[in-house]
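Trainee: Sequence:
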Amino acid sequence: MYSKVLSSVLTSMQVWSEMRLLDYHKSFHKGTVGLMENLLSFALSVAKILNKGISNLKRGNGVEDSTGSRVDYFIKLSVRNAFSKMFEIGGNSKIVEAEDEKASKGLLRLAKETVELAMKEKETFSPILNRWHLIAVRVAAMTLHNCYGTVLRKYLTGISILSNKVIGVLQRA
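Last residue of the sequence shown? That's 173 in the working numbering, and every number before it is there in order.
Calculated from the structure, these hints are not laboratory results. Hints are supplied without guarantee of correctness; some may be wrong.
Straight-line C-alpha distance at most 30 Å; calculated DSS-like pairs for lysine-lysine [unchecked claim]:
no. : residue 1 : residue 2
1   : 76        : 122
2   : 122       : 105
3   : 154       : 48
4   : 4         : 30
5   : 48        : 105
6   : 85        : 52
7   : 48        : 76
8   : 30        : 112
9   : 30        : 52
10  : 112       : 122
11  : 26        : 48
12  : 30        : 102
13  : 102       : 48
14  : 4         : 122
15  : 105       : 120
Simulated DEER-style distance windows between Cβ atoms [said to hold, decoys possible]:
no. : residue 1 : residue 2 : range
16  : 157       : 123       : 32 to 38 Å
17  : 7         : 120       : 35 to 41 Å
18  : 109       : 5         : 28 to 34 Å
The structure displayed is predicted, hence computed values, not measured ones. Glycine included, each C-beta is placed from N, C-alpha and C at the ideal position.
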């Protein structure tokens, strides 16, 4: 009886905390990054308890720790969400449909914004995430690279001639 209630409460707490961690760029900023550290520690502890099973905790049985993969998932999803938001809000969603000149300028602006997002990730969030995932900044960089690469590929499929602007976009990428 008590284990079911505890499991239910822990599951609710896990859902609440993971919703914030799956979009930590939106939920936290430089001033509240300490809260993120506490929430991450809490979420990982709750996940560990729930994965092992409350009744198995007494016996010492359980599943192996998947902390690194959880943090990896948080990083990838949050960075992808931040990139998508930046892409849509910045008016970049029409880059692939725009004419060559406007699309090139839009892609250059998107590249600059992507670098700024990468720096924010490196300076603000990665020091916290490195505690649980040793290559957190690399995972974030790889995710941003994939996001920008997807947009760039869509743009390049519509290009038939390499102009100076297109070459500039490729160099910036």
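Trainee: With reference to the structure, classify each hint as holding or not holding.
Mentor: A quick look at each hint next to the structure:
Restraint check for residue 76 and residue 122: satisfied, since their Cα atoms lie roughly 14 Å apart, inside the 30 Å limit. This hinted pair checks out: residue 122 and residue 105 have alpha carbons roughly 26 Å apart, not beyond 30 Å. Distance check on the hinted pair: residue 154 and residue 48 sit about 41 Å apart at the alpha-carbon level, beyond 30 Å; violated. A threshold of 30 Å between alpha carbons decides the hint, and for residue 4 with residue 30 the separation of about 38 Å lies outside it, so the pair is violated.
With a CA separation close to 47 Å, the supplied pair residue 48 and residue 105 exceeds the 30 Å bound. At roughly 36 Å between alpha-carbon atoms, residue 85 and residue 52 are farther apart than 30 Å, so this suggested pair is violated. A distance of roughly 20 Å separates the Cα atoms of residue 48 and residue 76; the hinted pair therefore holds under the 30 Å criterion. Distance hint between residue 30 and residue 112 is fulfilled; the C-alpha atoms sit about 20 Å from each other, no more than 30 Å.
For the given pair, residue 30 sits about 34 Å from residue 52 by alpha-carbon distance, which is inconsistent with the 30 Å threshold. Between residue 112 and residue 122 the CA atoms are separated by roughly 15 Å; this keeps the pair inside 30 Å, and the hint holds. For the proposed pair residue 26 and residue 48, the alpha carbon gap of about 25 Å is at most 30 Å, so the pair holds. The hinted pair formed by residue 30 and residue 102 fails the criterion: a straight-line CA distance of about 33 Å is larger than 30 Å.
For a cut-off of 30 Å, the pair hint linking residue 102 to residue 48 is broken: about 49 Å separates their Cα positions. Proposed proximity of residue 4 and residue 122 is contradicted: the alpha carbons are some 40 Å apart, above 30 Å. At roughly 23 Å between alpha-carbon atoms, residue 105 and residue 120 fall within 30 Å of each other, so this suggested pair holds. In this structure, residue 157 and residue 123 meet the distance hint of 32 to 38 Å, their C-beta atoms being roughly 34 Å apart.
A C-beta distance of roughly 37 Å is found between residue 7 and residue 120, which places it inside the suggested range of 35 to 41 Å. Hint check: residue 109 to residue 5, Cβ distance near 52 Å, so the stated range 28 to 34 Å is violated.
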